[in-house]
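**Q** One letter stands for each residue in the lines below.
There are 2 protein chains.
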Amino acid sequence: MKKKSSVVISKPFDKIGQSRVIIENVSPQVEGGLYPAKRVIDEWVGIEADVFTDGHDEVSAVLVYRAAGARNWSEVSMKHIGNDRFQAFFQLERQGYYEFTIRGFINHVSTWQHAFRKRIHDNDQRELLVQLQIGLDYIQRIATKYAKAKTHAKKWITALQGDDAVQQAASTELEQFIQQFPLEEFATSFEKTLQVVAHRKRAGFSAWYSFFPRSAAQPGSDHGTFKDCELLLPRVKEMGFDIVYFPPIHPIGEAFRKGKNNSLNAGPDEPGCPYATGSKDGGHKDILSELGTLADFKRFIKKAAELDLEVAMDFAIQCSPDHPYVKKYPQWFKWRPDGTVQYAENPPKKYQDVLPLDFENEDWENMWVELKGILDYWINIGIKIFRVDNPHTKSFVFWQWCLSEIEKEHPDVIFLSEAFTRPRIMENLAKKGFHQSYTYYTWRNSKSELIQYMQDLTQSPLREYFRPNFWPNTHDINPYITQSGHEPQFILRYFLAATLSSNYGVFGPCYELLEHAAIPGKEEYLDSEKYEVRHWDWNHRNKLMHVIAMVNKQRNANTAFHFTNNYQNCFIENDQMMAWLKVYGDNKILCVANLDAYNKQSAAVHIPLDAIGKYEGQAYVVHDLITDEKYTWYGSKNYVELDPYRLPFHLFRIEDI
Amino acid sequence: MKKKSSVVISKPFDKIGQSRVIIENVSPQVEGGLYPAKRVIDEWVGIEADVFTDGHDEVSAVLVYRAAGARNWSEVSMKHIGNDRFQAFFQLERQGYYEFTIRGFINHVSTWQHAFRKRIHDNDQRELLVQLQIGLDYIQRIATKYAKAKTHAKKWITALQGDDAVQQAASTELEQFIQQFPLEEFATSFEKTLQVVAHRKRAGFSAWYSFFPRSAAQPGSDHGTFKDCELLLPRVKEMGFDIVYFPPIHPIGEAFRKGKNNSLNAGPDEPGCPYATGSKDGGHKDILSELGTLADFKRFIKKAAELDLEVAMDFAIQCSPDHPYVKKYPQWFKWRPDGTVQYAENPPKKYQDVLPLDFENEDWENMWVELKGILDYWINIGIKIFRVDNPHTKSFVFWQWCLSEIEKEHPDVIFLSEAFTRPRIMENLAKKGFHQSYTYYTWRNSKSELIQYMQDLTQSPLREYFRPNFWPNTHDINPYITQSGHEPQFILRYFLAATLSSNYGVFGPCYELLEHAAIPGKEEYLDSEKYEVRHWDWNHRNKLMHVIAMVNKQRNANTAFHFTNNYQNCFIENDQMMAWLKVYGDNKILCVANLDAYNKQSAAVHIPLDAIGKYEGQAYVVHDLITDEKYTWYGSKNYVELDPYRLPFHLFRIEDI
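Protein sequences, first through last, are from chains P and H. Taking our numbering, the leading residue of the first sequence gets 1, the next gets one more, and so forth. Taking our numbering, the leading residue of the second sequence gets 1, the next gets one more, and so forth.
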């Protein structure tokens, strides 16, 4: 053996010169590991990576993970799933952050055994003897490395010298022994440790119901109160929602107060827009006296909790010119030479009654702390869910800081981003920590639009960090497609939202009462509750409400609905029909929708049989969980027909015959 | 103004709290910046990034770059190309590495001017006066910041107080002034500096001609010599190739020498396989005496250079059992218990005459240095191009080190990776520094396969680092599709290689002489020159050789052929026909191929008019540079017809009428 020379190979090669394994394209990975991938507690996370080496030796890959802060790392051996890709899973047993990375090494012992098996057929006895000797050497090295393998190793050493040594060397028992005690040398570790965050389940599965508390008034009274709202809780529960969300409940400014239908001149008795927060009566930590007291609000939260309903508040960072901040912290606003502040805009919308905060102001640290303080205040009152108004008109780094600080102290708090804006901006807010995001669903109507959008959300990098929340309407959006007031259309758009996405919401009672009058040519409600108090017949019941209740019941009962990324499109031979699978373990759901709300449509639907564990020609039952009808289907291709005046959808559970 | 509080926002927010711009998805970027993107000298590199901010202020983005080692950075303002994506270009004026990054900031002055222009139509005189005052303030700040803007700023200050102040404020002249002197505050810098490497032109544009020098013998002599090869140089030049590549020219081992057609028992007079390098006469730095002397080889290189041809050598790191390394450095081989070394394999191929080096051996540093020494030796002789044999059976980190060390000393040296293996492995070798790579082109025959493969190569991340080299045959591969010996098929496969890819090669004279006899059922040449000396009629001329010469002439004359990533598929209404554009500046090439080498085919081809700068209905000329035929076409959709027995392709230059 020649003496080792003094040649020094420059870094980074001085340590890894003998390491031959490459690890790349590890997933999930958001922006190269800058942000965590999002999951929910109890979920199994699938980790994948390309792991390979030069030559033809076998590679072993190991997933290494732990809950952040845990002392020990766990390891699980990864499985080759083709094309040099390896996969393994681990379960998120607790809420919070998990860290993971991957290690790869050349498994010389496995390489030897696989080659040995092939060599048996060559019938070259001399070569087999050499190979047995090589195997014995490996087993010796295993015994040296692993104290607990010693006894076992001894047996193998005897076996590989016995009469049936060839059979023993090729055996699956020896394969298991080799797998159990790997001779790992010159391993490569992936250069980064990546993160997954496990949120509480509600972050991934939720049905929101929003309404204006001021419109909750009982007959005979003008302005709704929290006490009136209490009376509506059983109605929300009856429809099966999980979350009750209120637009801002704070004092409303008087300066530049908006009137009915967004008019610039409010009459003396008009209540103004709740998004113009702040008056002489207080700001974001105060309650509009017409709605009641803080005690009333606490009682409302308590009553909701008794029905297993959570209350979500609006977090709208902006101030009416009357907001106490304007006088107290003038440095937080951008003043113009004429002594005014330019009012807020979210083009084409103009908010003449609202002043924006200036996120470039020099006192930004105090402003950040004060804003977070608002959240802390309401969290202490008992709020754990916030819908954030126009987060895209506030600085991204503020959200990153604020949401991560809140998470440290209150990991249960969930934020929904109401950013209806350009894709990169919506995506970045999700990366910065928002748990859920409003989406373009509201404007995706045709089959191709819906399928494309679902694929964008569930089969692109978005799937790892952008959790969609589908709304068929909001208090800001009265979509053209339901301005017809046509009930089957409302049922259809509701069904799509509630079954395509695990998170969805409706703005009520406009939605379930089929309200559809619009400002002509616009997607805005006529006589919108944003600018006035409305009165509703809260006792009215209709078919849509019945459908909502039944669909929500099935969403809760079927785990497949608790996730969105398990969406899988099914080919259906009709441009007006759409079909998709959602599978979670044994729970297999097939949804079929007729997108034509005016005519009966029928077609053959093609089910990918491997996704439902059936083979071609096999019989199984599709059980409509809404109508309780059952059909026996055979193999992949089956007939469906949907009359929108009956129901524009099937919600099938796939069952064994 | 309130006193700044003592609140400290934790890192990383303490510095960037006021920075509102986000920069993401910067391209080109290979593996998050781990490797440089590859280009050639003089090329313009397009840099893109998503740059955006919260709210509705205007964002400016700046590309910052320099040649590595240069003292100063250059800056160029980026253009918004839609959907928050910005783009700028810089030219690679010298060979070697360039660094770049991106900076973004909110351009409040531009934001102000754009809003001002809109406000003019509101006819609100009071508001316009406020806005003029804001504009004046900005101009004052510009004057304070930029000494050289002072005089100019004074004029603007006067203008914005004059009678036509409104027109002046909205003017494009003021816009230019604002662009020239940006008020940049709270800028965000992309967190990484990325790299682009500019190789010499030959790395991106090359036509290889390979042959076995031992088959170059003139009539009457047995074994070809370098002197014989000299006589063939004009023939190679006549066909228009740039590079002459030889398989190994070193002493060939005698132990386990291969005979004719890969037989295991060579007769006493058989010459063996040149890939079994090393004998008592020497190793990788020596020359097989039958070919001539080192002086002969140097003379051959010189003669080639006189014709503007470069000589490429084979770098095949493996040793015959007779190689001097085996005795001198036994520690570099993996010895088995029976005192032998397992011969090399690249399944299904077995190389019984070759021993592999062990890249896990403890003396790896000396081995790396010795191997690089081989390259240094031949580089000093005058070789600047290496075809590397089976690089995927040697360690990736070795290549990364070796290629980067060679590059530091000899940036002109080009390496071609001969790795016909799994995708992740081929890709990683390219990342590690190989300038060109063999591809799956050899087995891509149908229209859909070819289009898909071209898209994979030119429209995926591969485009940044994997430079394809298309070979219709090699000395290892006699593809089934040309085993027919059908000349139009050879012409077609040649044309596709030479025009789809800027780098291509053929193994001659087998290819141009339409050699097609195969080992039955295999893609191997019968009587392959790998195992014997062959004799050819070097004076023969045929249609294919004429086509090769003409296509190579047009490749050189048309810059559009000097690149591969400019490939753009054109829809053509025939499954047997394929059409594609290559555009570089004013040079617009349209290729049309009939993939059916046995029947005439015709169809309408659709040209994307914006790619060639024409409008619908406009007349232009397509000029076939091979046949010199010219056709006047109108608009997008035109008729083409190709008879394979005449020529299976059109090579059109698009010209103005």
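Incorrect hints may have been included.
Identical chains share a label here; the pair holds if one copy fits it or two copies do between them.
Claimed, not checked - Okay, derived cross-link-like pairs now, DMTMM-like style, lysine to aspartate or glutamate, Cα gap no bigger than 20 Å in a straight line:
no. : residue 1 : residue 2
1   : Lys447    : Glu58
2   : Lys148    : Glu641
3   : Lys145    : Asp222
4   : Lys237    : Glu310
5   : Lys630    : Asp586
6   : Lys334    : Glu487
7   : Lys372    : Glu93
8   : Lys637    : Glu24
9   : Lys334    : Glu185
10  : Lys192    : Glu31
11  : Lys543    : Asp643
12  : Lys372    : Glu173
13  : Lys408    : Glu48
These aren't lab readings, by the way, just hints derived from the structure by calculation. Bear in mind the structure is a predicted one, so any value in this text is a computation, not a measurement.
**Q** Please go over all the hints and tell whether each is borne out by the structure.
**A** Structure-based check of each hint:
1. Lys447 x Glu58: neither (46 Å within a copy, 36 Å between copies)
2. Lys148 x Glu641: neither (64 Å within a copy, 75 Å between copies)
3. Lys145 x Asp222: neither (81 Å within a copy, 59 Å between copies)
4. Lys237 x Glu310: within (11 Å within a copy, 81 Å between copies)
5. Lys630 x Asp586: Within one copy only: 18 Å inside a chain, 66 Å across chains, cut-off 20 Å.
6. Lys334 x Glu487: Intra 48 Å, inter 77 Å, cutoff 20 Å: neither.
7. Lys372 x Glu93: Answer is neither; intra-copy 29 Å and inter-copy 51 Å both fail.
8. Lys637 x Glu24: Neither: 39 Å inside a chain and 44 Å across chains, both beyond 20 Å.
9. Lys334 x Glu185: Intra 62 Å, inter 15 Å, cutoff 20 Å: inter-copy only.
10. Lys192 x Glu31: both (12 Å within a copy, 13 Å between copies)
11. Lys543 x Asp643: Within one copy only: 15 Å inside, 67 Å across.
12. Lys372 x Glu173: For Lys372 and Glu173, the Cα distance exceeds 20 Å both inside one copy (60 Å) and across copies (44 Å).
13. Lys408 x Glu48: For Lys408 and Glu48, the Cα distance exceeds 20 Å both inside one copy (28 Å) and across copies (36 Å).
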